[in-house]
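Peer 1: Residue numbers (our numbering), protein chains in the order written: chain A, 1 to 151; chain B, 152 to 522.
Rather than coming from a laboratory, the hints here were simulated on the basis of the structure.
Computed from a prediction, not measured in an experiment: that's the story for all the values here.
Hints are supplied without guarantee of correctness; some may be wrong.
[As the list claims (entries may be wrong)] Per label pair, the in silico range of CB-to-CB distance:
1. B:Gln325 <-> A:Lys62: 48 to 54 Å
2. A:Pro122 <-> B:Lys357: 51 to 57 Å
3. A:Thr8 <-> B:Ser210: 39 to 45 Å
4. A:Lys62 <-> B:Gln353: 55 to 61 Å
5. A:Pro15 <-> B:Gln353: 26 to 32 Å
6. B:Thr347 <-> A:Ile146: 34 to 40 Å
7. B:Gln215 <-> A:Glu24: 20 to 26 Å
8. A:Thr8 <-> B:Glu365: 25 to 31 Å
9. B:Gly438 <-> A:Gly23: 27 to 33 Å
10. A:Lys62 <-> B:Lys443: 34 to 40 Å
For every residue, glycine included, the Cβ atom is placed at its ideal position computed from N, Cα and C.
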Amino acid sequence: MSNEDIKTIISELLPNASFEEGGEWLNIGIEAADWKDAAQKLRNCETFPFNFLFCLTCVDWKTHFTMVYHLRSTTTLDNIVVKVKLDREKPEILTVSDIWRGAELFEREVYDLFGVIFLEHPDLRRLLLTDDWVGYPLRKDYEDPINMIKL
Amino acid sequence: MVEEIGKTAEGDLIINVGPQHPATHGVLHLVITLNGETIKKVEPHLGYIHRSIEKMCESLTYRQFIYTTSRMDYLSAHINNHACALTVEKGLGVEIPARAQVIRVLMDELTRIASHELWWGAMAMDLGAFTPFFYAFRERETINDIMEETCGARLTMNYMVPGGVMIDLHPNFQTRVKNFLKLYKQKIHEYDEVVTGNIIFQNRMKGVGYLSKEAAISYGVTGPAARGSGVSCDVRKLYPYEIYNQLDFQEVLETEGDSFARYMVRLREMNESIKIIEQLIDNIPEGDFQAKTKAVLKLPKGEFYQRVETARGELGVYIVSEGGTTPYRIKFRSPGFSNLSCLDHITRGGKIGDLIASMGTLDLVIPDIDR
Numbered sequence: 001m002s003n004e005d006i007k008t009i010i011s012e013l014l015p016n017a018s019f020e021e022g023g024e025w026l027n028i029g030i031e032a033a034d035w036k037d038a039a040q041k042l043r044n045c046e047t048f049p050f051n052f053l054f055c056l057t058c059v060d061w062k063t064h065f066t067m068v069y070h071l072r073s074t075t076t077l078d079n080i081v082v083k084v085k086l087d088r089e090k091p092e093i094l095t096v097s098d099i100w101r102g103a104e105l106f107e108r109e110v111y112d113l114f115g116v117i118f119l120e121h122p123d124l125r126r127l128l129l130t131d132d133w134v135g136y137p138l139r140k141d142y143e144d145p146i147n148m149i150k151l
Numbered sequence: 152m153v154e155e156i157g158k159t160a161e162g163d164l165i166i167n168v169g170p171q172h173p174a175t176h177g178v179l180h181l182v183i184t185l186n187g188e189t190i191k192k193v194e195p196h197l198g199y200i201h202r203s204i205e206k207m208c209e210s211l212t213y214r215q216f217i218y219t220t221s222r223m224d225y226l227s228a229h230i231n232n233h234a235c236a237l238t239v240e241k242g243l244g245v246e247i248p249a250r251a252q253v254i255r256v257l258m259d260e261l262t263r264i265a266s267h268e269l270w271w272g273a274m275a276m277d278l279g280a281f282t283p284f285f286y287a288f289r290e291r292e293t294i295n296d297i298m299e300e301t302c303g304a305r306l307t308m309n310y311m312v313p314g315g316v317m318i319d320l321h322p323n324f325q326t327r328v329k330n331f332l333k334l335y336k337q338k339i340h341e342y343d344e345v346v347t348g349n350i351i352f353q354n355r356m357k358g359v360g361y362l363s364k365e366a367a368i369s370y371g372v373t374g375p376a377a378r379g380s381g382v383s384c385d386v387r388k389l390y391p392y393e394i395y396n397q398l399d400f401q402e403v404l405e406t407e408g409d410s411f412a413r414y415m416v417r418l419r420e421m422n423e424s425i426k427i428i429e430q431l432i433d434n435i436p437e438g439d440f441q442a443k444t445k446a447v448l449k450l451p452k453g454e455f456y457q458r459v460e461t462a463r464g465e466l467g468v469y470i471v472s473e474g475g476t477t478p479y480r481i482k483f484r485s486p487g488f489s490n491l492s493c494l495d496h497i498t499r500g501g502k503i504g505d506l507i508a509s510m511g512t513l514d515l516v517i518p519d520i521d522r
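Chain B extracted, bound-state conformation (with noise of 0.2 Å):
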């Protein structure tokens, strides 16, 4: 899992870290020059993964290249359908009904706190606790098994088409997300108290891979990691999508910069889906689950780009479109791919053992960034 490969001319030791490797949390190949135990460069190499989504959108028509993107970031699955659904909207000039954009509003929130579970457990068995990885599964499987019921699949949903989302609402829906609000909020005390308030993990997270304002927005840095260094950069705030405008929510952001403030950012932002959830899963709106659009979907010539809050941060949708059935070319600006950039910046000058902490925070998901 790491082995050394090398060494350079002035004595300093090349190692690899993966691409098989636990807290990569997927085939990131990362070749780091250290010096003792100080990292002097990390270099990512990519594409253990990449299948080329963009190539293979370019002969799928615009009902079906939707499916390709629930396989790049596999934790917010819902969120990516979301923006491409949104793009080939866009282009159609379609009015998708209340009901609909209702429910996909709830289905990202709970995608966003599946995501951030799955994320802080894994995080906290990075830094070596077992723990709080089942903790979080506890909650994170309720939310899987409402998608299951709804959409029929776990992780990759596909659940949100062009003019709406595939199929209504199961009846079960609303009790089993309120069940959940129950639970999420008699248990969330919790992570507080195992992890949060934890010295030991204080200790490895606060003053660690540090990103600084200027660098975050150079770097093209987005999401939670972005908002850890004081970036205002949330899609839904400044640049509202759906019904993000009427509902009330706040920004996260925290200005240290450091490890723990990107956890901070997380784990505060669970909070804030919940609250979103809160005022929707009374006020869904009776009526139409889909807009009427025709059988083949052709947008007109022009380019048309959406982007939306993922669980990691700002995905850009760009299609370009000659006014036929498929796109002529595609572009997902994936949150992960440039959030990946900034890691050799903040671990730089910072011992190995901290690589880790930085990397998990970072939360990336490499189906994302190798596409």
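Isolated chain A, as found in the complex (with noise of 0.2 Å):
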């Protein structure tokens, strides 16, 4: 299905979503707010049940965060990508562990690495990092002279 059908169907299953074109997918806005509920939306969808979330991962802006989900349906094989603005002072958003479960592991890596909050989750703490790790390597503030090595 082209993009310009998907988003015609999914305009009118979130009406609140902005979309963004011009990518290879159809890229989908979403407030933080309604995430939670646009992600449920998406996975019982009739036309294309997005049931494969097959990426998630967050982009540091130095202004604020984009949470990225990059959703697949493995019906028709038509791909989305979702993305949620947070603020970068207090990051914080749902988690979707229950609808796809392959996203504990997923939010748990942007913790460890971004310092986002997935509220609601079953178990969030540190993945690759140690517990008493400082801070949040992958910010683009984020400074380690002993560990980091630049070129």
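Join the two chains, each given in its own frame, into one complex according to the hints.
Peer 2: The following block contains the structure:
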């Protein structure tokens, strides 16, 4: 299905969403407060249930964070990208690990490296770094004179 | 290697498996809650080999960062490099020559076979048999020798670069690959005789570590692990890249969802890879092995995502570019990371003795998970 068709169906499903085209896949912008509800709707969408969360990550834009969710429907093979803007001072968003179980580890990784708090996450702890690590390494303002090698 | 670290309030035992344990093939640390011999919970503790490759890549140029990816899933280094090269090419809009495309696919499939060979040997060793390891390495060494001759390295090849491949094939390449094909066909029946048909192995693998189709999708499991549960997820078929859409091969699917199904998927996949190599080895087109690209690569502002099928599943490379010579943000969606997330699900309620069989057929490579 073309991005245009996906856009028509999703704009009916999520009236508050904003769209951005031009990339390979349709980009959907959603407010952080609406995300959980929107995720539920996308997962249970009748035309294309987006049941496969294949990538979950975060980008630090210095002024704000963007959570990036890559979704695929295993029945129609359509892909979409959902972006949620977060406040950099207080990055909080509801977890989707109950909708896509694979999100649990992804969210722990993002918490570990970006410091985004996933509300209602079943087990939000550091994943890759040690528990006593200070700071969030993938933030753009992170400095570590010992462990970081700059070229 | 396995030590008791405490007890829960209900009297369940908590034990450590790893980080130094022969069956975890690296430094995976599992904290397991046990009730007698029954597993109540498996909790992976990661990060023992975390190098923050994603952060490193942010200060490396588009030519340099590819080299770090050989160190992620070191058993399919070629395919990791391939994914990165494809992403950069997608950003640059470069068409790569036909010869380079065929070389890339040939190398990918050789890597896939070598990786599955190592998995097969190690898997059998995890279950207590030593001989298969030597059987597997007999064939795997041949592939590594072929790689060494052309790429100069046996594991971290760094052979694929944006625009094509780094150097042309070694003159011996075709002969040696044909010799390998001959050897493989003579020997592959031994794999079935030694392991697949062995009743002890079958009893240890059948019905163990059951993963349903729905769970596989929900956990984001890809690769042979998901195909053992009947999830069609072969990127080479679903979203073909390079020349995979012109090749004749099957996506291997099993529906049982247990360890034995995942085992069979990998064994049958090796035969499919052989089929692909046979189609291409006599048809390598003449011409350039690399497209002309600028010395300093600059990706336009935007986001680029490319996925490929590694030996373990779907590897995604997500590059956010600000128009400079280095990526602004890069994310590797590694197959091992997602496959690991279902480990607790498939082993819970089973016996601790079956843990290794379940984990072995997920084919985890730890640097790929930790990155």
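Peer 1: Next, verify each hint and record whether it holds.
Peer 2: Now the hints, each set against the structure:
Checked against the given bound of 48 to 54 Å, the beta carbons of Gln325 (chain B) and Lys62 (chain A), roughly 52 Å apart, stay inside it. At about 32 Å, the CB distance of Pro122 (chain A) to Lys357 (chain B) disagrees with the hint of 51 to 57 Å. One distance hint, 39 to 45 Å for the beta-carbon pair Thr8 (chain A) and Ser210 (chain B), holds here, with the actual separation near 42 Å. Checked against the hint of 55 to 61 Å, the C-beta distance between Lys62 (chain A) and Gln353 (chain B) comes to roughly 57 Å, which is consistent with it.
Between Pro15 (chain A) and Gln353 (chain B) the beta carbon distance is about 55 Å. The supplied range of 26 to 32 Å is therefore violated. Look at Thr347 (chain B) against Ile146 (chain A): about 50 Å separates their beta carbons, and that is not inside 34 to 40 Å. The hinted window of 20 to 26 Å between Gln215 (chain B) and Glu24 (chain A) holds, with their beta carbons roughly 25 Å apart. At about 29 Å, the CB distance of Thr8 (chain A) to Glu365 (chain B) agrees with the hint of 25 to 31 Å.
In this structure, Gly438 (chain B) and Gly23 (chain A) meet the distance hint of 27 to 33 Å, their C-beta atoms being roughly 32 Å apart. For the pair Lys62 (chain A) and Lys443 (chain B), the beta carbons lie near 36 Å from each other, so the given range of 34 to 40 Å is met.
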